[in-house]
Amino acid sequence: MNWTFFHKLGSPKWFYDISGKWLPWLQVSSLVLILVALVWGLAFTPPDYLQGNSYRIIFIHVPASFLAQAVYMMMATAAAVTLIWKIKLADMALKVMAPIGASFCILSLATGAIWGQPTWGTWWVWDARLTSMLILLFLYIGIIALRGAIHTTEAAAKACAILSLVGVVNIPIIKFSVDWWNTLHQGATLKLTEKPSMAPEMLWPLLLAILGFYLFFTLVMVLRLRIEILSRERKTRWVKELVS
Amino acid sequence: MNAVRKQRLILVLLLLAGVGLAVALMLFALRENINHYFSPAQMAAGEAPVGQRMRGGGLVVPGSVERDTESLKVSFRISDGAGEVTVRYEGILPDLFVEGSGVVALGKLSNDGVFEASEVLAKHDENYMPPEVQKAIDDAHPKSGYSKPAAQTTAQSELRSLQDGS
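From first to last, the protein sequence lines stand for chains H and S.
Last residue of the first sequence: 244 in the working numbering, with the numbers rising by one and none dropped.
Last residue of the second sequence: 166 in the working numbering, with the numbers rising by one and none dropped.
With the rest of the complex left out, here is chain H (with noise of 0.2 Å):
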């Protein structure tokens, strides 16, 4: 097999040439999908029969939740090509994820928690998916640690690699804890393999709003990404160029 595509792939002046002209694209559909999804669903959906209003936070707490574990797996993967082909672009799309991986996945903790007080009767509670959601933050929160601990560039690289590796294994904990143990938290109302148990008026505000957030979430980090290119390539020539 030929692997010279894949090499190219991961140049680092390349992809910041390729990524400048998806810029616009990305802002605007992003910015469309969320605003359509979040208006439907929280002014014009009906209210649920059960939960009333306070289930209109599953607009933002689901996409939330899936882009947590998204980019974590995005993570484990750029670890995994780090650690193989050595490409400094899957290190540096390992670092800039952290942060954004982190903030999705406080979001999805802090909607659930004001969603649980009305609906269960407590803000959290030491459920089985509650739990390995707050281990996956902590992941998240270790692997930015031990990027700022250690000084040397490659070094670096290899032991968040490593530690995003060995964090994978939470992923299916996570996505399969309601179906293990006995949760408070229920089981997956959006399936692969059945319908969804939710009313179609509801799933596609739903749905529209998961599209978005993973369209803001490579916006965010395709624009942290060229900012970590320039200042990891700052002393070659095309940056130098480009600046000057």
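Everything labelled a hint here was simulated from the structure, so no lab data went into it.
Ideal Cβ positions, reconstructed from N, Cα and C, are used throughout, including at glycine.
Hints should not be assumed to be uniformly reliable.
[Said to hold, decoys possible] Negatives, chain H to chain S, calculated, CB over 12 Å:
id, residue
1, F15
2, A70
3, I106
4, T111
5, I114
6, V166
7, L184
8, G187
9, L190
10, Y214
11, L219
12, V222
13, I227
14, E228
15, E233
16, V239
[Stated by the list, open to error] Listed next, the in silico DSBU-like pairs over lysine-lysine satisfying Cα-Cα at most 35 Å (straight line):
id, chain 1, residue 1, chain 2, residue 2
17, S, K135, S, K123
18, S, K135, H, K195
19, H, K175, S, K123
[As the list claims (entries may be wrong)] Simulated restraints, written as ranges between beta carbons of each label pair:
id, chain 1, residue 1, chain 2, residue 2, range
20, S, P131, H, W25, 36 to 42 Å
21, H, G52, S, L72, 20 to 26 Å
22, S, I10, H, F138, 16 to 22 Å
23, S, G63, H, P99, 51 to 57 Å
24, S, L13, H, W238, 31 to 37 Å
25, S, F28, H, W204, 38 to 44 Å
26, S, S118, H, Q27, 47 to 53 Å
Fit chain S to the given chain H structure using the hints.
Relative to the frame of chain H, chain S by itself:
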């Protein structure tokens, strides 16, 4: 892929497998402690330890809720279809505490077989629908007494057949 990279790929896979195995063994060894949960059937059959803090959960049996007029004391029965147990609790119940819907209670089993709860939480299911849809379902299936509409669980249908039999 050259030999060095292949070797590193194998190392990464071994790392993942090793960590996965370690965590799986740990969770398997701790499975009793992670979730100290007993079903109403286990409590009724005397399989649950008396006087030990644990979690119990089930559906609130319709018509079983008795509130004390003087205090916040409340008692109700929970069922999983296979057995029932009485729960005693003093405090404010969550808004979504409805007869026929699920609850999770934290507390101790007393000597007379009553579950003394120190905390009662309402368990919500994964179904979301507008009130009109729920009304349509209620009209189609008159008064089951249970609030959970779609996809009636086996526990509920079993419980209903139990009640019909008595």
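Could you work out which earlier hints the structure fails to respect and list their numbers in ascending sequence? Failing hints, ascending: 6, 7, 8, 9, 22.
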